[in-house]
Each structure stands twice: as structure tokens, then as C-alpha cells.
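Asks: In this note's numbering, the protein residues as written are 555 to 919.
Bear in mind the hints are in silico, worked out from the structure with no lab data behind them.
Accuracy of the hints is not assured; some may be wrong.
Okay, the calculated beta carbon distance ranges per label pair [said to hold, decoys possible]:
no., residue 1, residue 2, range
1, ASP848, ASP887, 33 to 39 Å
2, GLY794, MET602, 28 to 34 Å
3, SER604, HIS919, 39 to 45 Å
4, GLY794, ASP586, 43 to 49 Å
5, ASN664, ASP829, 35 to 41 Å
6, LYS858, GLU658, 21 to 27 Å
Straight-line alpha carbon distances no greater than 20 Å define the calculated SDA-like cross-link-like pairs of lysine to any residue that follow [to be verified]:
no., residue 1, residue 2
7, LYS771, TYR834
8, LYS903, ASP809
9, LYS771, VAL836
10, LYS692, GLU643
Only a predicted model underlies this, so the values are computations on that prediction, with no experimental measurement involved.
Cβ atoms here follow ideal geometry from the backbone N, Cα and C, with glycine treated the same way.
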Amino acid sequence: MKWMTKTMLISAISVAFIAGAASTATAQGWGDGTTGKPATVDELIPRMSSGQAYTERYSFAVDFDDGGHVGMNFTISNLGIRSGYGAAEFRFRHDDIDNYRYGERVSRSNWSYDEDNFALDIDKASIKADGDDAFILKYNGDEMRAELRFEKQMPMWRPGNGEIRQGEDYYRFMLVAPRANVTGRIFANGEWHEVTGTNSGYGDHVATNVAPFDLAKRFTRFRNYQDNAFVMWREVHLTGDYGGEKVSWVVVGVDDEIVYEDPNINVEFGNFQRDQETRYAVPHAAQLQSQQGDASLRFLLRGKEVDRTDLLESYGRVARAVASRVSEPYQYDVSGDYALEVTNADGEKLRITGSSHMTVDYVNH
555 MKWMTKTMLI
565 SAISVAFIAG
575 AASTATAQGW
585 GDGTTGKPAT
595 VDELIPRMSS
605 GQAYTERYSF
615 AVDFDDGGHV
625 GMNFTISNLG
635 IRSGYGAAEF
645 RFRHDDIDNY
655 RYGERVSRSN
665 WSYDEDNFAL
675 DIDKASIKAD
685 GDDAFILKYN
695 GDEMRAELRF
705 EKQMPMWRPG
715 NGEIRQGEDY
725 YRFMLVAPRA
735 NVTGRIFANG
745 EWHEVTGTNS
755 GYGDHVATNV
765 APFDLAKRFT
775 RFRNYQDNAF
785 VMWREVHLTG
795 DYGGEKVSWV
805 VVGVDDEIVY
815 EDPNINVEFG
825 NFQRDQETRY
835 AVPHAAQLQS
845 QQGDASLRFL
855 LRGKEVDRTD
865 LLESYGRVAR
875 AVASRVSEPY
885 QYDVSGDYAL
895 EVTNADGEKL
905 RITGSSHMTV
915 DYVNH
């Protein structure tokens, strides 16, 4: 094990009015039950359930070596007016090129997938597995195009058993690419540009049969890369129908291995400040502490600035009116400084400090 001393939207609420869960039992969290088997690429093939709230979402992102960022999301879902729709998103940022954003939702007859190998083709965007260790992502827009290859630098990973479950209801999460090298090209401003992202590619997969506004009050996430190390954690504050508990996990990687993971960590939030417009109390600090035998982890983030996004703002008037009956989703990006310390069983320490942000998605009060 190599230790270094210096190394960094939830799915948009679909337009739906679905009855809430009736049960009040406590859901099984990430760390409950038996640890799941190793994740595989075949698990990414869509299950195509007929359940009313069935949704699968694939999210990939990369920060390029020369600056700039690309993110791509693929969603298939029954939530909303039409069952089995597909949605694709592509976003591009760069200091020297105009920012670009695309999003489209199409009916089931206008998107396709492979039943035997992981591959999706939704409107102008596509993704497919290239063996067990790489993914090919493409976007073919009018003014911008992209051809990117994400090559995993470490195995796929899931927290504990990989799911939150209550009866037949589930919410599953998998890190498809905890860290990846990205190569390819971007067509912008009338010409192709070669791009690389060294150890800065990321991919995840969420599958659920529960509407987000039924499952949780709040989803919080943090992800940061520094040199050869990364830290990620997530917290889900469940609704009363699912026991009202907060279920969280954390994972830390160095080079090509996971050096610390806890599928049942407690995230303590602090310095809450109320948004007078939305009435949400937004945390401006977060602390994580974990002890597993002789190994331990401590994490602290202190926020300095907050940006708010109304997740229904892009909806049309009628769609917004319908969606707002079941959810009031707002996203808060809390930017600030953080510090991480991990001690392994031999007493060796990994320390990381930097600036980043945690994203807090409030779904309902």
C-alpha cells in the first residue's frame, strides 16, 4: 500500500404524482445485511421493470488535464406521463470555449439498449462497455460533438451490500469507475480538439423502484480527487415512511486500490443556515468519523459559499405545477475547505487538504 502525505442532481425530479409509500418500517441501509459480491459490467444492463417508479441512471464526468469538464447522464424511467422514456444530458465547460449544455427526453420507441451487453443509445448520446475495463461515450450534436473513452484504473465498487431496501422497495448504488483515465476528442468552434483526463474520470449507476420524493428528504454527496488519491461519501436522509434514518457511506482510494471504506458511517452536519425563501435549513459544515479495528478516518468540511438551484426551474409551467405537488427540490452547492486523515492498521497516515464542495439536494421538508 502506498501512502502519500500530500495528494482533493440527484436525478431531476420527474413529472409525476405517485402515491407515497405506506409502510413505516425501518429500511435496511448500506451496511446492513450481507456484503454484496463484487460488481460486474453485466449489472449495468437495464432491468426494464414495469414498476411505476422504476428508474436507472448512469452518470459519467471528467475534468480534463488542460482544464475544462464534460459530464454525461443517461436515464431510463417510468416516472412521469410516459413509461419507459429515455433521457440524455451532455454538458461542457472550458475557459477558452463557450459553455454548452444539452438535454433531451424521448419516448421508448426512440431509444435502444443491448440486452446482452451494456450499451445505450438515447437521442444524440450513446454509451457502451468496451470489455470489462472501459466505456465508450459519444455525443453527436449540431455545434458540438464528443468521443470519449473512460478506462477504469480500479475495480467497480459498491458500498456494503450496495442498496437501501425495505420489503420489495430498493435504491441501489454502484461506482462504475471510481477513477478512470479518459482519452478522446471534442468538436467545438468548428474543429476537433484532442483531450485527456489523467485519473480524473468518474462514473456511477443508480437503480431504484422508489420515487426520490418518497424515499428521502435529502441526498448529500461529496467527491474530490487530488493527485493519486480521492475521497467520496454520500448521505441519504430517509423519509418517515422508510424509517427516517440517515444512511451514509465513505470510500477513499490511493493509486489503484481502495484504502478505506465504511458503508455505515455517521455524517454530522453543522452550522445550519435557513434559506428564507425555501425554508430549508442548509448545512455549511460536515464531519465524518469512523473507526474499524486499528484503522480510522476523520473528515471535516467548512463551507464558505453556497449556490442554490431550483431543480424545477427548467420545467414548463404545467409540468412544474404538477411536480411541485409532490416535491420541492432545491440543490445547494456548499463550497469550502476540507481536511481528511486516514490511519491504516499499521499506523501509517494519509492526509489530504483542499478546497471543494458538497452538494445537498433537498427533495422535501
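Asks: All the hints need checking, so say for each whether the structure fits it.
Replies: Hint-by-hint comparison with the structure:
1. For ASP848 and ASP887, the hinted distance range of 33 to 39 Å is satisfied, since their beta carbons lie about 36 Å from each other.
2. Distance hint check for GLY794 and MET602: the Cβ-Cβ separation is about 31 Å, which falls inside the suggested range of 28 to 34 Å.
3. The hinted window of 39 to 45 Å between SER604 and HIS919 is violated, with their beta carbons roughly 31 Å apart.
4. Taken as a hint, the range 43 to 49 Å is violated for the pair GLY794 and ASP586, whose Cβ atoms sit roughly 19 Å apart.
5. In this structure the supplied range 35 to 41 Å holds for ASN664 paired with ASP829, their Cβ-Cβ distance being about 38 Å.
6. The beta-carbon spacing between LYS858 and GLU658, approximately 36 Å, falls outside the hinted interval of 21 to 27 Å.
7. For the hint pairing LYS771 with TYR834, the CA-to-CA distance comes to about 11 Å; that is within 20 Å, so the pair holds.
8. For the suggested pair LYS903 and ASP809, the alpha carbons sit about 15 Å apart, so the restraint of at most 20 Å is met.
9. Proximity of LYS771 to VAL836 is assessed by CA-CA distance (about 13 Å); at most 20 Å being required, the pair is judged to hold.
10. Between LYS692 and GLU643 the alpha-carbon distance is near 11 Å, which keeps this suggested pair within the 20 Å criterion.
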